[in-house]
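> Please take these sequences and the hints and turn them into a complete structure.
There are 2 protein chains.
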Amino acid sequence: MYVIVVYDAAPKRGVKLMKFLRQHLNWVQNSVFEGELTESGFENLKHGIKDIINDKKDSVIYYRFDSQNYHDRGIIGVEKNEIDSFI
Amino acid sequence: MYVIVVYDAAPKRGVKLMKFLRQHLNWVQNSVFEGELTESGFENLKHGIKDIINDKKDSVIYYRFDSQNYHDRGIIGVEKNEIDSFI
Chain A
1 MYVIVVYDAA PKRGVKLMKF LRQHLNWVQN SVFEGELTES GFENLKHGIK
51 DIINDKKDSV IYYRFDSQNY HDRGIIGVEK NEIDSFI
Chain B
1 MYVIVVYDAA PKRGVKLMKF LRQHLNWVQN SVFEGELTES GFENLKHGIK
51 DIINDKKDSV IYYRFDSQNY HDRGIIGVEK NEIDSFI
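Which chain is which? The protein sequence lines are A and B, in order. Take the first sequence: its position 32, counting from 1, is numbered 32 in UniProt numbering, and each next residue is one higher. Take the second sequence: its position 12, counting from 1, is numbered 12 in UniProt numbering, and each next residue is one higher.
It is possible that part of the hints are untrue.
[As the list claims (entries may be wrong)] Reference excerpt, derived from the structure (chain B facing chain A, CB under 10 angstroms, subset only):
| id | residue |
| --- | --- |
| 1 | 46 |
| 2 | 56 |
| 3 | 58 |
| 4 | 60 |
| 5 | 61 |
| 6 | 76 |
The hints are simulated quantities; they were obtained by calculation from the structure and are not laboratory data. Ideal Cβ placement from N, Cα and C applies to all residues, glycine included.
Set out below in structure tokens:
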């Protein structure tokens, strides 16, 4: 499955979240990660996110697709991190 | 079509971008918008974004789907803005 994660968290937890998400997904923009995950990988991701955030204050949204062939993905302006540069 | 837009822009342009995007899509989180658009609506959106950002410094990523029935969308923590509260 293909997953997009966006988050809005307090600075300290935001840094922890970024470090955690970077181990599992590709950083593509400030507070935005994308990548392929297995079902179990996705479950681990959710548990890890829950361990880090304050669920009364921080907000994480995930979008999950069967595969990357959602319709289209485009960039306007700077591409902060080219995804296909990842093996 | 269903569109998700995430952006990373300098503060002044970020505010302008937010005000513009709010006229066309639902604000769901800091720098994240979602919503249904027609083909022409999407083209207008892109033109409007290009008019606002500095394409050498700012970054806007859009994800476009034929419809909202991509696999799944979930929230962990606070839902900053419930989408279905929109008519």
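> Now tell me, hint by hint, if it's right for this structure.
Here is what the structure says about each hint:
1. 46: holds, 6 angstroms
2. 56: holds, 7 angstroms
3. 58: Residue 58/B check passes; min Cβ-Cβ to chain A is 5 angstroms, inside 10 angstroms.
4. 60: holds, 4 angstroms
5. 61: Holds, about 6 angstroms.
6. 76: Residue 76/B check passes; min Cβ-Cβ to chain A is 4 angstroms, inside 10 angstroms.
The structure meets every hint from the earlier list without exception.
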